[in-house]
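Residues per chain are reported as follows:
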Amino acid sequence: MRLKYPSSVKIVRVPCTGKIDILHIMRAFEKGADGVYAVGCMEGDCHFDSGNFRARKRVEQAQKILHTIGLSGERVQMYNLSSSEGPLFAQIAREMTEKIRKLGPNPIKLAVKKAA
Amino acid sequence: MIVADKKPIEEIIEEVKDHDKILILGCNECVTVCEAGGKKEVGVLASALRIYFLNQGKEMKIDERTLERQCDQEYLDEIRDVADDYDAILSLACGVGVQFTAEQYFSRPVYPGVNTCFLGATEERGLWTERCQACGQCVLASTGGICPISRCAKRILNGPCGGSSNGKCEISKELTCAWHLIVERLKSLDRLDDYEKLFPIKDWSTDRAGGPRKVVREDVQL
Ligand code: SF4
Ligand code: SF4
Chain A
1 MRLKYPSSVK
11 IVRVPCTGKI
21 DILHIMRAFE
31 KGADGVYAVG
41 CMEGDCHFDS
51 GNFRARKRVE
61 QAQKILHTIG
71 LSGERVQMYN
81 LSSSEGPLFA
91 QIAREMTEKI
101 RKLGPNPIKL
111 AVKKAA
Chain B
1 MIVADKKPIE
11 EIIEEVKDHD
21 KILILGCNEC
31 VTVCEAGGKK
41 EVGVLASALR
51 IYFLNQGKEM
61 KIDERTLERQ
71 CDQEYLDEIR
81 DVADDYDAIL
91 SLACGVGVQF
101 TAEQYFSRPV
111 YPGVNTCFLG
121 ATEERGLWTE
131 RCQACGQCVL
141 ASTGGICPIS
151 RCAKRILNGP
161 CGGSSNGKCE
171 ISKELTCAWH
181 LIVERLKSLD
191 RLDDYEKLFP
201 IKDWSTDRAG
211 GPRKVVREDV
221 QL
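Quick mapping for you: the protein sequence lines, in order, are chains A and B.
Under our numbering, the first sequence has 48 at position 48, and the numbering climbs by one with no breaks.
Under our numbering, the second sequence has 11 at position 11, and the numbering climbs by one with no breaks.
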């Protein structure tokens, strides 16, 4: 399809969104990621039954933690689509990039620079 | 196992905010199983605290370590040579682990990162319920394996009380009456005769009423 999506999006492939741990999300922010989003299969269509529900729970947990420590919870999101929806994948990437652009960069990057 | 719950991050921030170098110390046993203080929880908390303090403009060294157990000296000894690198330890073990760590590392503050709740079992993922209050004189043999001390709100030994209705306890419609469970179990074991026997007055001196307890086992002492 050769669809375009923003080059700022780095894809980390996992066998199933159920593999995504809250720790992966937190570490990504600690390392300076501006946002993290999980793209899983449609709810009810998980090959492993509940992987995408687990992912959603963890995304919600990460949102709460980020909110508590003063980073917007909005920076973590969960999306669901089916594997045949390439155009939707590109659209989500644009949507998320736009959302994050509005929120601005991860403040930790600035803090690290200041500390250095 | 000992069941604990996470403390809110805000509370933990308050505990450690004046320190510069802290070690977050997890425990591989009970608190790992109840997902409150194992290696993963240590990692998530460490990340969250690092992000928080960096954003506050405070440079804090926050390291992670998880021991097999914190209620055993041999495992606590594993941090003996690094403990001096920190000015506080944040322990995610149960209250036993926190205290034992504090005793072993007397010169630095040790803070609790979890709330220790009870002795219980995992009913399902994310649901833990109380099963034992460590009364020191187990009565399960006569109660069909169901503990009236931990599961009856009044800890009564010759129940049920008058507050039991339709199998539920008067303190909550959600709570099954322990004595209802006991009678049902004895019935299915064909041991209702046991129910007829009156429990003598329980010796509560082995419970917390007798003050802090200890177990001395000369047979295994070296
Ligand atoms: S320190 Fe507490 S949580 Fe850790 S193994 Fe001992 S009793 Fe269990
Ligand atoms: S009778 Fe005492 S020791 Fe036995 S399960 Fe109940 S509280 Fe625990």
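Keep in mind that the hints were calculated from the coordinates and are not lab data.
Fair warning: there could be bad hints in the mix.
[What the hints assert, rightly or not] Partial selection, computed: residues in chain A whose CB lies under 8 angstroms from chain B:
{"hint": "1", "residue": "3"}
{"hint": "2", "residue": "30"}
{"hint": "3", "residue": "71"}
{"hint": "4", "residue": "81"}
[Said to hold, decoys possible] These stretches of chain A come out as covered by chain B in the derived footprint (C-beta under 8 angstroms, 3 or more residues):
{"hint": "5", "region": "16–25"}
{"hint": "6", "region": "99–113"}
[Said to hold, decoys possible] With a cut-off of at most 27 angstroms between alpha-carbon atoms, the simulated DSSO-like pairs for lysine-lysine come out as follows:
{"hint": "7", "chain 1": "A", "residue 1": "57", "chain 2": "B", "residue 2": "7"}
{"hint": "8", "chain 1": "B", "residue 1": "21", "chain 2": "A", "residue 2": "109"}
{"hint": "9", "chain 1": "A", "residue 1": "19", "chain 2": "B", "residue 2": "6"}
Think of the CB as a built atom: it goes at the ideal place given N, C-alpha and C, for glycine as much as any other residue.
- request: Against the earlier hints, flag every one the structure doesn't satisfy and list their numbers going up.
  value: Per hint list: 1 and 4 violated.
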